[in-house]
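Guided by the hints, dock chain B onto chain A, whose structure is given.
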Amino acid sequence: MEQRAVASERSIDERVIEACRRGDREAFRLLFEAYKDKVYSISLYYFQGDEATARDVAQQVFLKLITKIEQFRRDAEFTTWLYRLVVNACQDERRRRRRFIFFGDGFEMSGRASEKSSQEEHYARVELAESVKVAIGELRPKLRLPILLRYIEGLSYEEMALALNCSKGTIASRLNRGHKILAGRLAHLRGTLAASGR
Amino acid sequence: MFSQHINKQLSAYCHGELDEAEARRVAEHLIGCQRCRRDFEEIKLGVRFAEQLTTDSAPASMWTAIEAALQERPRTDTTRAKPARRRFEFNGRPVAAACAVLLVALAVGAFWLYTRQPNNAVQIAGSDKRTNTAQSEVKPALMKPQASAGGSAWEVARLEGSPMVGATQLDGSGRLAVGQWLETDNASRARINVANIGQVEIEPNSRVQLVETNAQAHRLSLMRGRLEATISAPPRLFMVDTPSGVAVDLGCAYTLEVDDAGRSVLHVTAGWVALELKGRESLVPAGAVCVTLPGAGPGTPYFDDASPRFRRALARLDSHNGSANDLSIILREAREYDTLTLWHLLSRVEGAERERVYERMAALVTPPQGVNREGIMRLDKGMLDLWQKDLEWAWFE
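If you're matching them up, the sequences are chains A and B in order. Plus 53 on top of the position in the first sequence (first one is 1) and you've got my numbering. Plus 1125 on top of the position in the second sequence (first one is 1) and you've got my numbering.
The following block holds chain B by itself, in its conformation from the complex:
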């Protein structure tokens, strides 16, 4: 009878957003299910609190500021009515204008075709084809740029300042070939088009290399700095190497930072990312952060609104300087969706500590059918996966 709990629909039910049949099903379920009734009371209380929210008055000066800003922008002076087509007229010379547009389009097309040829894949005006002077400094860079030897390249555009592709300053846009480094100083930023699957913005003081790009894998290496990736592709097609692990895209948007010591911080803003190293994996959903130290394996993920005490205790555990007291802090401070952290800890602690983690998780979210203490204590993969699936609703929303 209770195989289909209705707790996910309770807010919609309170707000009258369900259709008649659904609303009736929820009402009938609530009569017989104590667990969902308890949830319903909680949701109703939340709704009543939220209803106390009032609208604040905007400052009276706002319109004046908007008017002032508008006057500073001649293009946006909207006091004059503009004919809708005006933007596309060329002072009464439509034929000449059309020809000009056609010529530009042809020129752009020809340039695009030219740059798509492997032998022409290097990039920027005048360009140096063997520019990776720093490539021997770090291990992942032990490769030569393949632009002149048939390798693929990604489009890269300057956003601010003077980013460098190899030893060549990026002026406007260019291409980043396999093996090449893109480097930004403290005043420059750049955007990379990752084949046809997304974009990566490279923030100031960053150093990133295109490692490979083909139908099976697109891979960057971030040696230091910060990037912001927005990827729309099948899982595991886009990866970013860092000195402390590999961020594997599972369909997502995220930021990834690497400091000079090689420590990485992954912050996922949409979807999932997996952090992997030597068979160990951390699954990081939207809203969660994962800090990873070089040589320590992927860190334990936590939600970005976790309490500072929780974070500090987790950082100590992850750096192997933790104590039983740190675990106590984490367990005490954990909320329902912090089961994300606890689920990862299950396989990272042992014996009595694992039992404590299990107890706390079970108190926060009842294990689903098919998951029990004995199985979790021996890290039964089937049970861990089953519990993870059951917990995902809490982690995601």
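Okay, chain A solo, but in the shape it has when bound:
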């Protein structure tokens, strides 16, 4: 599955982008297939496992991509531009939600986290993966995004800096903080991590 996605992503070259700029629906479909899982996953983890919101945000990203691709400048990396759209869409949605929470109380994930952690997971690796997702969901958004861009898309610090409109130093610093928090919150799973051998 992962291999297919990678192969598909590799197939997105200058010609596909150019075809998209000309409005070729099949080229869009190719683009969509190449990036849909990663865009969806970033949205999913950004919104702490909220599948409906993640789907809406991912759809918005691709709609924007399709309607704005004419504006894409060829001197920029396509993936940087795409992930900039993802980051903006996630942040816009978060801002929109805040508008409806006067004096925003509570962190949405906290209830979910305890609910999840109270569930008896049958398999250690499943538990580990789930716990990692929950812990990442609990990070502050500005720490969460670099982690998602790095570990889902594998962006370099420079690419993340462009996508998040900040310096490489800020990226390094946010990742540092995010890693430390993850280590602290998941320390009890250190044994499971070692046993998983990943």
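Calculated directly from the structure, the hints in this document are not laboratory data. Incorrect hints may have been included.
As the list claims (entries may be wrong) - Partner residues aside, some chain A positions facing chain B, computed with beta carbon under 10 Å: (1) 195; (2) 209; (3) 211.
All residues carry an ideal CB built from backbone N, CA and C; glycine is no exception.
Below, chain B alone, put in the same frame as chain A:
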């Protein structure tokens, strides 16, 4: 030897993002520095956990939904190839089109110049120049709109519904003069251009007044409701008065809400904001919140992911209904970057309580050279500033 710890570079080191010389320096430092080695182990563990993150499959229905959405938008039907310049052609009449564009530009320019004249600064179609019927209701509003008397004005645009500038409904765009009120009901929103330094969006059910605008200061007063400010200017140039304090921009983006009781909630999304009242100040960095009650002075800031117990205990302390137990809760729940809250508490508690705050802070982040218990206990300004500078990396990132 250890004056330059490398803990900020550890993730980049793990990810192979440092150049050769930097990577060598980090590796050499790690051999000799136990503190950074401990940090490195922690970062490595975090990296290994993060590597467990997997990609989820997008729902199969997503493409269908995208196609459906595209079909609902005739403008964005991208199945037809479009010549790149088509958008700028006027059915084969390029000269007429160019003339039309020129005329429109001239008209807009003339209107702009007209509205820049002080005597013409009021605004909206037909407009009432003395429209502030509610200005005597609240103290900060005891001023007359200066639009007709040489005062400056800011551009204001309707975003939704029917915002009011004074007694005049804002239709499209207009201007907000010094002394004038902008008011939104539950269905309206507006955007203000703050001179040339940024923008403020006024959310529904809000009431805001332009207090002053000049080269030294741009000031709004938010009496109730919510605004979202994005400012790019030197520190202390843009301010917002609320019934409970003054939010002073230090180069930032933030939201500020005021409820009917005058309580304000500041939430900073980028940079710094200072909340000030009568010589007392709270520094609020990105990601932090500060709740301030009227008459109580600026509240103590906290990060927006602090635990609910932490927040509740802090709220009780800030409202002067707190107890030693509330302080215990705060100290117990505090994480490294909650030293933001603890640093502010140092000067807001006394005696043994201050000592407890110091102890907890020192346990979370070792005080830098030049900061010691005695100095902090007597609130030595130099030491407080030094520690604040040292803590900023934790507060910001």
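Once the shortest beta carbon distance from residue 195/A to chain B is found, is it less than 10 Å?
holds, 6 Å
Min Cβ distance, residue 209/A to chain B: is it shorter than 10 Å?
Given a least distance of 7 Å, the restraint on residue 209/A holds.
Proposed interface contact between residue 211/A and chain B, which counts if any beta carbon pair is under 10 Å
Since the shortest Cβ distance to chain B is 9 Å, the answer is holds.
Every hint from the earlier list agrees with this structure, and none is contradicted.
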